[in-house]
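Residues per chain, in single letters:
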Amino acid sequence: TQLLEQSPQFLSIQEGENLTVYCNSSSVFSSLQWYRQEPGEGPVLLVTVVTGGEVKKLKRLTFQFGDARKDSSLHITAAQPGDTGLYLCAGPSNNAGNMLTFGGGTRLMVKP
Amino acid sequence: DAGITQSPRYKITETGRQVTLMCHQTWSHSYMFWYRQDLGHGLRLIYYSAAADITDKGEVPDGYVVSRSKTENFPLTLESATRSQTSVYFCASSRAPHYGYTFGSGTRLTVV
Chain A
579 TQLLEQSPQF LSIQEGENLT VYCNSSSVFS SLQWYRQEPG EGPVLLVTVV
629 TGGEVKKLKR LTFQFGDARK DSSLHITAAQ PGDTGLYLCA GPSNNAGNML
679 TFGGGTRLMV KP
Chain B
169 DAGITQSPRY KITETGRQVT LMCHQTWSHS YMFWYRQDLG HGLRLIYYSA
219 AADITDKGEV PDGYVVSRSK TENFPLTLES ATRSQTSVYF CASSRAPHYG
269 YTFGSGTRLT VV
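Order-wise, the sequence lines are chains A and B. Each residue of the first sequence is one higher than the last, beginning at 579 in this note's numbering. Each residue of the second sequence is one higher than the last, beginning at 169 in this note's numbering.
Note that these hints are calculated values from the structure, not bench results. Any given hint might turn out to be false.
Distance windows between CB atoms, simulated [as the list claims (entries may be wrong)]:
{"hint": "1", "chain 1": "B", "residue 1": "T188", "chain 2": "A", "residue 2": "G618", "range": "20 to 26 Å"}
{"hint": "2", "chain 1": "B", "residue 1": "G208", "chain 2": "A", "residue 2": "V606", "range": "24 to 30 Å"}
{"hint": "3", "chain 1": "B", "residue 1": "T181", "chain 2": "A", "residue 2": "S585", "range": "41 to 47 Å"}
{"hint": "4", "chain 1": "A", "residue 1": "L597", "chain 2": "B", "residue 2": "K238", "range": "42 to 48 Å"}
Just so it is clear, the structure is predicted and the values come from calculations on it, not from any experiment. Idealized CB from N, CA, C, for every residue including glycine.
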């Protein structure tokens with residue numbers, strides 16, 4: 579079974595701080611996706627990384643896919659209260675017909 | 169409006185009752201999914217559908233029934249609700265199982 583483990587589970591920081599959250603697996607993934615889920619809403623796709631070593635930027639968010647395609651990170655620069663939410667990584671699972679398997683998520687709170 | 173809509177947003181039902189959660193998408197996506205989200209368990213796949221009249225079990229299908237007579241609709245039925253089915257249910261759609269998923273806003277179901 580291809581599992582995705584995210585760390586930390588919870589993170590509470592002050593506005594303006596930088597942070598990095600991680601998504602790790604012992605298995606190789608053909609791609610990884612990152613979602614953000616705000617309270618009371620469904621997850622929203624932020625980015626898909628496909629190539630090992632790939633770096634993608636979305637404003638203050640930087641996503642990196644590990645060279646071996648077993649891990650990914652999300653770095654947020656100068657966090658804002660609007661970044662508060664649950665960050666989920668997901669990847670297609672060979673064991674489940676390529677359905678996405680989701681990590682447990684990192685719950686981020688950014689305090690003003 | 170284009171997108172994916174779920175109804176109802178909130179539902180309280182009694183143990184043993186049958187309840188149906190509705191999901192409608194306007195993207196004409198082939199794939200549709202039902203997830204439940206619980207603290208400590210993350211997002212777990214209940215059922216998915218690759219096309220009209222094609223459905224298959226996910227990780228936690230027991231106690232649930234789905235149908236997909238039309239591409240745009242994918243209702244989820246709890247045949248005899250139990251307290252353990254209290255959860256937030258998300259419907260999602262995608263062009264392919266490993267592509268990015270578009271999620272609905274969820275249905276918060278409470279079984280008393």
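We went through each hint and held it up to the structure:
Checking the proposed 20 to 26 Å range against T188 (chain B) and G618 (chain A) shows it holds: the Cβ atoms sit about 22 Å from each other. Take G208 (chain B) and V606 (chain A): their Cβ atoms lie about 27 Å apart, and the range 24 to 30 Å holds. Between T181 (chain B) and S585 (chain A) the C-beta distance comes to about 37 Å, which lies outside the given range of 41 to 47 Å. For the pair L597 (chain A) and K238 (chain B), the beta carbons lie near 44 Å from each other, so the given range of 42 to 48 Å is met.
Violated hint: 3 only; the structure is consistent with all others.
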